[in-house]
Every structure is written in C-alpha cells, then in structure tokens.
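*Asks:* These are the residues of each chain, in order.
Number of protein chains: 2
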Amino acid sequence: MPIEWAGSSPDLLLVIDRESREPLRSQVERRLREAIRAGRLHGGERLPSSRALADGLGLSRGLVQECYAQLQAEGYLVTRVGSGTRVAVHRPVPQPSAERPAVRPALLADFQWGVPDLRSFPMADWLWAIREAGRTAPASALAYGDARGSAVLREVLAGYLRRVRACAADPERIVVCSGYAQGLRLALHALARSGMRTVAYEDPGSPSTIRSAAAGAGMVPVPVPVDDRGIDVEALTATDARVVVVTPAHQWPTGVVLAPERRLALLDWAVRRDAVIIEDDYDAEFRYDRDPVGTLQGLAPDRVVSTGTVSKSLAPALRIGWLLCPPGVDALVTEHKYLSDRGSPALDQLALATLVESGRYDRHLRRMRARYAARRTTLMDALATHAPGIAVTGLAAGFHAVAHFGPDTDERAVVTAARERSVGLYGMSACRTSGATAPAQLVLGFGNVSEDALTAGIAAVGDLLRGDGRGPHGPHSGRV
Amino acid sequence: MPIEWAGSSPDLLLVIDRESREPLRSQVERRLREAIRAGRLHGGERLPSSRALADGLGLSRGLVQECYAQLQAEGYLVTRVGSGTRVAVHRPVPQPSAERPAVRPALLADFQWGVPDLRSFPMADWLWAIREAGRTAPASALAYGDARGSAVLREVLAGYLRRVRACAADPERIVVCSGYAQGLRLALHALARSGMRTVAYEDPGSPSTIRSAAAGAGMVPVPVPVDDRGIDVEALTATDARVVVVTPAHQWPTGVVLAPERRLALLDWAVRRDAVIIEDDYDAEFRYDRDPVGTLQGLAPDRVVSTGTVSKSLAPALRIGWLLCPPGVDALVTEHKYLSDRGSPALDQLALATLVESGRYDRHLRRMRARYAARRTTLMDALATHAPGIAVTGLAAGFHAVAHFGPDTDERAVVTAARERSVGLYGMSACRTSGATAPAQLVLGFGNVSEDALTAGIAAVGDLLRGDGRGPHGPHSGRV
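In order, the protein sequences belong to chains A and B. Sequential numbering of the first sequence, starting at -10, is according to this note's numbering. Sequential numbering of the second sequence, starting at -10, is according to this note's numbering.
This is chain A alone, in the form it adopts within the complex (with noise of 0.2 Å):
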C-alpha cells in the first residue's frame, strides 16, 4: 500500500510491504536510502518528524526513530536540534550505468588457442577430490597458510614432477600460484628484485603477456627470433638480458622442439651470462608422436624457473599452476605471492593433491591424449578434404597447429571472411611482437572444438585456407 506523506515535507512514495518476510524497519531504512540515492529526496530538504511519519505509516514512534538514528549513523540524515532531521547534502550520485557488454553469436566452430576440452572436464573426479579434501583436511588448512601453498600439494607435485617432467623437484622451493600469468609476474619481480634489467623472450611467441609481466616489474622486454630449431641463442647473446623466457619442450606457437644443442647452448649462455631461465611447459602433457622431453630444469635446478599450471590439463578456471625456483629466487617469489594475494586457495590445492595421489589426474590425462590425437586427425583430414595444399607445422604435441599461407593470402582478410561465415579463426600476428601479418598463418586451436564442429568449420572455410602451402617444413610439418 503506497503512502505519502504532505506538509512541511515533500511528497515521497514510501511504500511498506506487510506481507513481505523483510522486517518494518529494514524496508523503511532501505526505502528512505533508496529516496535519497534516487534523489527523491534532496541534500538539504526536510523529513517529516518521525511522529509525523509514524502516524503516517501506521507504525510506532520509536521504530521511525530508530530509522532516522541509522541512518544518520550511515550519514544520509543530518539532526539539529531546532531544525529536525534532513536529509545530508553531498554530492549527487550518477545511477548506474545501464550498460551491458555485447553478448558475441555463438560460432559453428571457433578455433581459439589454449583452451581445453573443456566438455572433457573431469568434474566428477574434481567434485570427488573436494569432498576428500574437505572431509581429510585439518581446521589449520583453512587458516591464512603458508603463501607458497600447501605442504600436501608441493609434495604431491614435487613427485609428480620428478615422475613426469624429468624435474629436480623440492617441495620447499615450489611456489604454488594461480597460473603461467601470474607465475611469470612473480618470477619476473623476483629477479627484478636480484638486479635482473631485461628479459628475452621468444618471438614469435606471447608478447602481451610477456611485455605486461615484465612493465610490472620494471624490466625492459626484448623479443629474440625462433626458427625451426627454436629460440635463436646466438642473437640472444647479443643482447644483454639475464632473464629468458622460453618453451623449450614446445615452443608456442610454432610447436618446435629446441634443439638438443640449443638446449646446451641456453645453458651454457645462463652460465656465462649468471643468467636465469625461466621455462613454460606449458603443454607437457600432450604429446602424440614422440615421448615428452624432460625439462631444462632437471638439468639445471639452480640456473632454471620452471613454470606450469593445469589451465591445459585440467581447466583455466581453476587457476592452479606452481614454479620451480632455484634456491634464492624461491624467498622473493614467495614474498611476492604473499603481498600480491596472500597464497592460492587451499581447498583447491589439497583437491589436486588427491587428484594427482588418487591416480585419477593420470587417468584423465591418457583419457585426453587420445581425445585430442582423435582431433588431430580429424582436423589433418578436414584440411586434406577441403583445403588441399596447405601446409601445416606444430603437431607433434598439444592442441594446436600452425597453418602456413603463400605470399599472397592477407592473413587478416582470411580471419575476417572466416568470421563473416561463423568460424573462429586466428591469425599468427597476435603472436608476434611486431604484429605483422606476413608471412601469413593461422594458429589453430583444436582443443575446445569437437570433432563434428571441427569438420564442419574446416568445410565452411577451406575455400579461405587453399595457398601455395609454402611454409617451413619441420621435422613435424606435414603437408595435406
């Protein structure tokens, strides 16, 4: 029943549910807030006496009082004796915006990078893992922890670590966080922190993130060159960084392997230049023709900051990855880690733990392996069908392929037409530092792309993707 009140007040609507679960005076408080957001009430004007709203309202004396005197708490009324209670003059306040962010058409496929299979997402196993954690965890676990993360998890992964990726793990120099993003942050302060300038970093390779990562440690990004054998060692020499970013097993995005004696090379420039690696395997977990390659950190545990994270083998949502520090960058990290958000979430990190323990981790990961070699197939068959000729490089592990256009295909126009027809495509240039568009590629992603809409997106698009198929052709080139 809306109410109004008249006299030396202004008229105001101030309607009071009796039906409502809210109590009385919480609608009257929320009611006059509301009146004087909207302002409906201006800075300045008049309230009624609360005998004077109370009878109006059909309410005691007392509750209105009680109202005024909260708010005027919150400082929306002001009291004065001989003045009565009005409403407090301060800035008006814009109401918000009604805005809302474009809402993007659903594509018949879109072959976006560095997504999983996110339908694949183990979640019973997960919802599993949460519970055991939950259920196993001590009420300390729940505390502000340690900031390098869990003791279980450090354990869990050291092992797993050692296991898998050939790592020097210890538990005591892991830092867990929340992901390559923020990892590389932490690690680039760090050795900010030690006196480090500039970082390299491969090109082509994440510049963005690189380039963010190293403005907010104060560091000076410098790209270095890849070529089939990987990152160009000898024209990293010829800068003066101390820091190098690389992706040794996999080089993203052109999927080459470094080769065994760049890999020594690196090493040996570390060395010699009291550098630090900082490593991003990033994809160790898929691989289709050939066993992983074993980290650079096991070779040099003191020289190397190895990075991972289960935004690949798991979900980015979870926002759960860890570095490998060598001994004196582990203290910054961790320092860092704390001022930054104080450690990842703990029940997260103890349902990983189990994951890895239970052996389930394992299971999904051979469960995916096969799934995304399936798509790999479909995907070379696909382009063999509809878009015969083209070159593609990069497949030799994870989920995604490089596609290689002639001199004449303008790699922008082909993402455009792709996207006129439904399809996600995306260009090589986002990946380089200077964004050129030539030589013209694409950076497939298959890992979110089902098999059906994989085919169909091909299909829709092969016209587009008929080159020359020139392009270099590595040991892991394959031409359709």
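Keep in mind that the hints were calculated from the coordinates and are not lab data. Since the model is a prediction, treat every value here as computed from it, not as a measurement. Careful: at least some of the hints might be erroneous.
If you want a taste of the chain B side facing chain A, the calculated C-beta under 8 Å gives, among others [said to hold, decoys possible]:
1. Ile119
2. Ala130
3. Ser167
4. Asp330
5. Arg331
6. Ala373
Where is the CB? At the ideal position from N, CA and C, for every residue including glycine.
With chain A's structure known, arrange chain B on it following the hints.
*Replies:* Just chain B, lined up with the frame of chain A:
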C-alpha cells in the same frame, strides 16, 4: 639387482628393478638422469656404448639407444661422431637444501587477531555448494572467464550487499578478487593510473599491508591519526592525499565507529579534493550491541571503492573477496586483475553464489554471531576474574578487543612473558606506523580461540595483564 659396468666407462651403479611397474626404459632414463644430477657421472664423461650397456643390463640395444636419444634431446647427453656418447658439460648443480622451517610449538591459547573460528567453517554446506556449482555450471564456466569474476556471483553479491550493507551495488562494477590484500593492490594500482600519488591511511591500522600495496602502485603512503570518533578528517585534509583507506563501520584495530559528522566530513573532503575513499568493510557481519552501520559506498558510490571478503565470515583459505568500484575505476581494476592472475577460480565463485542464494550463508553468520558473542562474554568474564581492572575497548563488533595497560607496562615484555607461558598475545605496536610500544595495548583476537582455551589462556597470563586500567573510555569500552 645392482649392475655395474666397467672398461671405457666409469663404474656406475645402475639399478634396474624388473618387478617394478615402472617401464624398463623409464627406469634406465631416470637412473641416468639421477646419476648425472648427483654428480656420479661428470660432465664430459663417456658413457658405455649402447651395445655394452644393453648387454650389461640384459636389455635390448634398441631400448638403450632410445634412452640415449631421449637424454640427448633433453640435454643430459651429447653424441658426437667418433667420440661416442658423453655427459653434457654444464655447471654442477647444488643439491636441494635440507633446511626445513622450524615448527611452532602448540599454544595453550593463541589470541591471534584476524582469524575466524576455523573449526566452525560450514564444510558440509561448502561442499554441497561446490557440488551444486559443479553440477549446474556450463562447460563454458571452466574457460578463462571475465576477469571481473563470475557474472552469477557478481549478481548475487550485488543483491546481498544492497540488502545487508546498504551498498549501491551494480554487478557490472563488482570485481571479484582474492581478498583484501589483493583488492587493495588492485584499487591503488587503478587509482595510481588515474593520477593519484598519495594514499592516506588510518593510524593505528594495517601499516604494513598499506605500505606494501602503495609501494606496488608507486604511491606514497601517509598515516592519519584515529581518535575515539574515527579518522581525523582535519588531519587528512592537511595531507595532499587524494585517496584514503578507512574502516568506517568498525575501525581496525581500535573498534571505533566513524562518527556521523566525521562520515559527512569525509565525504565532503572527497568531493572537494576530487578524491576516492577505499572502504574496508572488514567485519561487517559480526555486530553485537547495535545494528550494522551501512557502508559509505551506499552514500557515495561515485567516490567510494568498497572492499569485502569472506576471510572473516567463512575462512581466509577460500581467498574470495570483492571490490565495488566507482565508474571509471572499474575498468582499470579489471584490467589489472586480468594482468595479475586472469581472474579468480570459477567453481569457488559459483559455490559462494550458491551458498548465499540458498540462505545457508546467512544461517552460518547467525550461528557465528551467537558463537562470537559467547566468546566475547567468556573473555570479559575471564578478564574480570584474572585481570580485574584492565580496560577493554572495541567490543561492539568483530572478534577482537583492545586491552589497555597503564604507563608503567612494557608491551613487549608482556608479549614475551606470555609466550613463555604458551599464550600468544599480540601488541598494538604492530598496528602503529611508528611501531611505538606506548601506550601499551594488546589486540586480543578471540575468533579462533575456544571458550575453554580463552579462559585457560587468560588465567595463565592474568597477572601480566593486571594494570592500572587507564585507557580510552568510548561508548564501547568496558572496565571489567
């Protein structure tokens, strides 16, 4: 069965376990890596030929060749025509240190502040909420999401904060973060990018958190005194700060409520100075003697960044907090959140939304309010019995109190003596920018101390606490 080889190669104990579930090839590779890492095989040393090693171990030559190729690819070995396979030369690797952090002895009672009752964490409800979230979340929720956080949680939080905290909450301007520490960093970073150079903060307060966050943002931190009506707005006006961090509803750590005229003066300062107020709504959930005071943010959403967290209401280890941002600040905060960690974990956010929507969050808060009220009474009773005369303030809300000593008491001596009796006490000096130990005060946290431990702990240190009881006598002080 240990096997040695001799001749052109060093004696090397290479243990192969044919009963193991680990494949033979993996065993050989692992043992060789370990031998190289441990320095049992030195850089440059020649390995036996693959044939010799295969014969020695009773393995096929092909298997040993595969091992050598793998370790060569990883950089452990080098193969040169005419010189056989040798260990790669690189700097010797120090062994992981055996240092382990010292374990703290258990305390009779630990009056650590800032920690809620961890044993009362509603684990069953949380696991239920996680399960519901996992069961109902679409696969897309597992991708890299909106860096502001889950739209579902932001919507639920907005409703909750409007209802319970009188916030003017727009879900589009909420950014989910990992708690107060990260929220403060994000806010200061955004404000620094808007040209703010100096950030004022309450003294006493949380000087170390503010100063490290300010340093991270490149801002200058300036302390402003707090008296028994809250932050001194005149002193604030005398600084050149255009940002201030305040705890208006329950000043940390004094427990003072910002007086109505100070609230208005603070808002007035913000308008005149074109400044921003960062409101830490840190323990809004737990009030005993009076109704909660609505947020400043509700009065002036265009001037106030409001921060909240579940660290006190549920548990710190969940690492979930939020920022309500004024227009213009939200985009900068979101960008920095994206760069920092790409966003908070999604399932945890969905679980919190489920918990709030189901009413179980409110139910937990009601239960905890009663529990903390009982502990507060127990604390007062124990002090009245064992330390009569000591003045205690700040008990209107939250789960800590301030105990005031006379001028002859040495705060540090009390803390040290209590520790010798296995009682954890914490001095006010840590909350003061100057670190001054006078006036001698204790910040007594009772959130995570059982009633039995509370009584036993105070009994054990009663004689240390007995003083002349002089101290401020605000509306919430009590002489016991």
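*Asks:* State for each hint whether it applies.
*Replies:* Hint by hint, here is what the structure shows:
no.: 1; hint: Ile119; verdict: holds (5 Å)
no.: 2; hint: Ala130; verdict: holds (6 Å)
no.: 3; hint: Ser167; verdict: holds (4 Å)
no.: 4; hint: Asp330; verdict: holds (4 Å)
no.: 5; hint: Arg331; verdict: holds (5 Å)
no.: 6; hint: Ala373; verdict: violated (29 Å)
Checked against the numbered hints given earlier, the structure breaks only hint 6 and satisfies all the rest.
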